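2 protein chains.
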Amino acid sequence: MPRFPTAAAMPAPFARLPAPPYYAVIFSSQRTADDEAGYAEAADRMMRLASQQPGFLGAESVRGADGFGITVSYWDSEEAIAAWRAHAEHAATRAEGRRRWYAHFELRVARVERAYGLKESSFA
Amino acid sequence: MPRFPTAAAMPAPFARLPAPPYYAVIFSSQRTADDEAGYAEAADRMMRLASQQPGFLGAESVRGADGFGITVSYWDSEEAIAAWRAHAEHAATRAEGRRRWYAHFELRVARVERAYGLKESSFA
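Respectively, the protein sequence lines represent chains U and F.
Going by UniProt numbering, the letters in the first sequence line up with residues 1 to 124, in that order.
Going by UniProt numbering, the letters in the second sequence line up with residues 1 to 124, in that order.
The set of hints was computed from the structure by calculation and includes no laboratory data.
Possibly wrong hints are sitting among the right ones.
What the hints assert, rightly or not - Lysine to any residue pairs mimicking SDA-like chemistry, simulated, CA-CA at most 25 angstroms apart:
no.	chain 1	residue 1	chain 2	residue 2
1	F	K119	U	P18
2	U	K119	F	Q52
3	U	K119	F	E120
4	U	K119	F	P21
5	U	K119	U	A15
6	U	K119	F	P13
7	U	K119	F	L107
8	U	K119	F	E36
9	F	K119	U	A88
10	F	K119	U	M47
11	F	K119	U	K119
12	F	K119	U	I81
13	U	K119	F	A19
14	F	K119	F	R16
15	F	K119	U	A50
16	F	K119	U	A91
17	U	K119	F	A50
18	F	K119	U	E36
19	U	K119	F	R16
20	F	K119	U	A82
21	U	K119	F	R111
22	F	K119	U	T93
23	F	K119	U	L118
24	U	K119	F	A91
25	U	K119	F	L17
26	U	K119	F	A86
27	U	K119	F	E113
28	F	K119	U	L17
29	F	K119	U	A15
30	U	K119	U	Y39
31	U	K119	F	A43
32	F	K119	U	Y116
33	F	K119	U	E96
34	F	K119	F	P21
35	U	K119	F	E78
36	U	K119	F	G64
37	F	K119	F	P13
As the structure is a computational prediction, the values presented were derived from the model and not from experiment.
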């Protein structure tokens, strides 16, 4: 039995990304207590829709029991991020998010310069 | 009552950061089922220790019920990240993490180019 998971055995929540450079959109948010069903449906829909956009590389997302969450989506270019931002359904859903689902959020766009996983880092 | 939280009212899990550019270390991880008490103590200790390092700007962290988590720490330079990586106690704790606490992890280092929060984005 391998001590470290191989790439093929990487658990599902991890994004499988090419070698850097690429771009990350780091979205941290605090949910309101409102409309869990509507929020969950919209979040699923946005993740499906994002994954169909040109330049989308992958995403990782988690939310804790206190409603604070972090979603990081990865893109091959700034242009791909801008195009997804301009997507009409995404823009409409963001407006609903600001109105109803998020008590607060912060969004940071970053260029990933280097990356490694558990297996590689065990030699570092 | 303000519709959007002011900076002063920003909920605690959000990092308060200067204007970009700065650097992000995006650490996503899947916990094993082992040693929750030891892990929690080490995680708290590392967060306290990181926050005392030169160049540390802030961090945001969340772990879900399934054991998948994302922690993003922010730094003012690549040099600050390298110095924290070389910190002896941090290195020893990382080794324990690879051995015991993490089934898998991915780490990405990125340069944050731009950022905004809920209030600003409501005008976008």
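Which numbered hints fail: 1, 2, 3, 4, 6, 11, 13, 19, 23, 25, 27, 28, 29, 30, 32
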